[in-house]
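Chemist: Each chain is listed here by its residues.
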Amino acid sequence: MTTLAAADAANPSLSMTSGHLLWSSAAVLALAMLAFCVDLAGGPGREARAAARREQAATAVAADGGDTAVLTQVEAPAEVPEKRQWAGIGMSLAWLGTFLLLGAVLTRGLSVMRPPLGNMYEFALAGSSFAMVCYLLWSLRRDVRWLGAFVTGAVVLVQMAAALIFYTAASQLMPSLQSPWLSIHVTVATLSVGLFILAAAVHLLYFLQAKREDGGLRRFGFLRSVPDAATLDRTAYGVLIVAFPLWTFTLIAGAIWADKAWGRYWGWDPKEVWTLVIWVLYAAYLHARMTAGWSGRKAAWVAMAGFACVLINYGIVNVYFVGQHSYSGM
Amino acid sequence: MTSTKDDTKAVVTQPKLGVLGGLRWFWRQLTSMRTALFLLLMLSVAAVPGSIFPQRGISAQRVTTYLDQHKTAGPILDKIGLFDVYTTPWFAAIYLLLVVSLLGCVIPRIRLQAKTLRAPVPKVPRRLSRLAGHVEREVAAPPQEVLAAARAALSRRRYRLREDAVAEGAPLELAAEGGRMRETGNLLFHLCLIIVIIALALGRLLGWRGDVIVPVGSSFSSVGARYDTLQPGAWVDTAKFEPWSMKVNNLDVEFEDQVDPSSAQWGQPRHFTASVTTSLPGQAPRQRTLGVNSPLAIGGASVFLLGNGYAPRVTVRDAKGTVLYDEATPFLPQDNTYRSVGAIKVPAASPKQLGFFGFFLPTAAFSKTQGPVSIFPDTRAPALVLGLYEGTLFPGGRPQSVYTLDTASMSQVKDTKGQPLRILLRQGQTYQLPGGRGSISFDNAPRWAGLSIRSDPGKMPALAGALLGLLGLVMSMSLRRRRIFLRVTPEGAGSRLQIGGLAKGDDPRLQVALEQLADTIGARAAPPRTLDPASERKK
Ligand code: HEM
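Keeping their order, the protein sequence lines are chains A and B. FYI, the numbering for the first sequence is 15 to 344, going by the working numbering. FYI, the numbering for the second sequence is 7 to 545, going by the working numbering.
Any given hint could turn out to be false.
Stated by the list, open to error - Taking lysine-lysine pairs in the DSS-like style, the calculated list, with each CA pair at most 25 Å apart, reads:
# : chain 1 : residue 1 : chain 2 : residue 2
1 : A       : K274      : A       : K285
2 : A       : K274      : B       : K326
3 : A       : K312      : B       : K510
4 : B       : K253      : B       : K326
5 : B       : K374      : B       : K420
6 : A       : K225      : A       : K285
Treat the hints as calculated values from the structure; they're not laboratory data.
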């Protein structure tokens, strides 16, 4: 907490509030993750109970002594899936944690009266908000409870890194960042990073599930609550074909802004190079998926390499590489 | 062993392949998807070192420093081009191969797509239940109405339709095809990549950039010789620059002082704006402002405000009091506190020319360990800390930096104790130089504006290519190529609707889409209120 207590610019009380909201959000999301984990851990038991019930129903019908002709007429009672209470709790906590996180972003923005996208701390907040919002919107349309533990887990990690490592006092921006293109470029960039996080979480599960389907990882019972590898592969692809055009837009908007701020739209600045490398790697992933002998695990590795570069671009290039993007505020 | 198209290994060992066959084989390899993938991966790996090692194209000075610090590794790294990654032959080889591969792959696909776009929608196949997606429904409406509803629903989704005449009493049929623009979008995207690369190359050849430092109150005219540095593209004639000029009237600069001085934000720049007067031949001068993020267009080029600093104005007099030098001399900021280095060259001094070198400190303070330092970038307590050399300033007339002294033919002036002379001058002070060499006074410290003037004719084509490419990408990612076939058979009072669907590539949503289509058709052809309760129960 000591880092957050430092005197801030602009509106200290609002930016303090923002810090408190961030910590509360991280705590709530950590609880959400635990709830999702309990749900996953209960998966094998749930399946065993369902199997036992099916067996019981069958023997009960048989015990009625009806002949088989009658048996086929009887509508087997539709299997009502067991209520997944823990997943429900996880989901509610995830909503709560996300609202707290959005509150943290909002108060941070209000404390400096500008879009809160000016330094690494603020990117981390925005990126994790986008990851959560995308996940929750997705959960309204599909059953993605199996992914909850991994998304909340990743987001809590990012939040902790933001609060403990990247924290920067709220302040105004240096002149080259004072541009509407900042909001456009960085908003879309963080949105795509949010999606990259989701896709990476799905790909991680894909590796585990694929291994399990090959006969390994017998002790990872929770994988039974997770869709099969082919579905996971398609799911990650579905997320990435949304993320890729967004990242392409990020690249273009960044070039337009670089032209305004620095007088050239492309200058091989380290940050530009890494943005391009990420773009090329995800393009390679899309190609790999369609190349014989590359689809499946190899393609997924290419996507993971892309995600590793997203992390490097954020965590290392911003801080250690000398370039014109040295705005990390650290 | 006969060689087939697919059996490339066999082709390699075929002795009768000949030169032409070999070329054809090579071409097929180069334009294969696998090669594209390989080249993309290579490109991503090859681009990385340029972000790790300093690059000459970005900061030649950092490369020099690196070479000084790494006496053994430096020259080796230099030899393999790690300080000029993006202009090395190996980097060029990768992206040129990628362009060739791209062209080789895209051009045949364009021809194919042109054919596909003109090709008719295929006929309804005999057995719809065999297709990848399949739905059967009963609809309480006559076949003609069901078909009309299907036509409307599919046209709304921009499907192309095909309806063949059928014999009296036979089932009605409708074939539809949608999402053919997916491939068109994908081709557009790949073509635009080429457009962007060509635009980049054009910008390099036809564009130019020049940098110049202009102290407040001075003016600058855009002729080749006036630039401090000028980098023209290979096809640029620097003699043909449009002769405009610009006077910097004022430079408004603001630094952060509303935070705790221990904060990293302390002293960070917040605001730079220059007000300038521009003049073009034959036009009245105009008052304009120029800021970071808001360049100014003039005479086919753009002027960017990329830097600022201080140009301390000093007056140097000889022993008799004659003014030898009276100029604002730009010093270069070294860090966020604007501790700046520079040199003041006084060629008019005699018998020996004088050269002062040292620091300008906008807010001078004394640190026990570092001596004089600056603690804030604005001029709150400006001071000059100088040393003095005498001798010949420009030996052999060689070009030299204005910010450093070439001391090859000069010797350092010592004080009475025999130590190198060190002059500390606060604004408004005058210092008497030892040995009757005259005096130096520090009058004030106006700012200078660092202008970068650039022209890039490839910029707009690159932007157009990038945006079109994005459009193509969105088309190729959002559209799905599907064929949908319907057969409607009369059944009782209503009809039986069969829908079969085929998709190109992976399409997990196909079945869902067909079910939604069947729902839409059902709702349209037989609105719920007219629904026959008997047929409802049967379903
Ligand atoms: C600069 C390098 C390239 C980039 C960034 C790039 C990017 C892309 C992207 C994003 C897709 C869409 C993938 C999808 O539909 O899921 C794609 C598809 C494709 N690309 Fe590339 N590509 C590049 C080079 C190439 C080259 C050199 C070739 C040919 C050898 C090629 C052939 C294809 C093909 C055949 C498709 C599939 C089209 C379809 O499924 O409709 N690409 N490319």
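Chemist: It remains to establish, for every hint, whether it holds in the given structure.
Modeler: Hints, verified against the model:
1. The straight-line distance between the Cα atoms of K274/A and K285/A is roughly 17 Å, inside the 25 Å bound, and the hint therefore holds.
2. For a cut-off of 25 Å, the pair hint linking K274/A to K326/B is broken: about 52 Å separates their Cα positions.
3. Between the alpha carbons of K312/A and K510/B the distance comes to roughly 22 Å, so the proposed pair stays at or under 25 Å and holds.
4. Distance restraint check for K253/B and K326/B: the Cα-Cα separation of roughly 35 Å exceeds the 25 Å cut-off, and the hinted pair is therefore not satisfied.
5. Restraint check: the Cα-Cα separation between K374/B and K420/B comes to about 23 Å, which is no more than 25 Å; the hinted pair holds.
6. About 36 Å separates the Cα atoms of K225/A and K285/A, which puts this hinted pair outside 25 Å; it is violated.
Figure legend: structure checked against the earlier numbered hints; hints not met, in rising order: 2, 4, 6.
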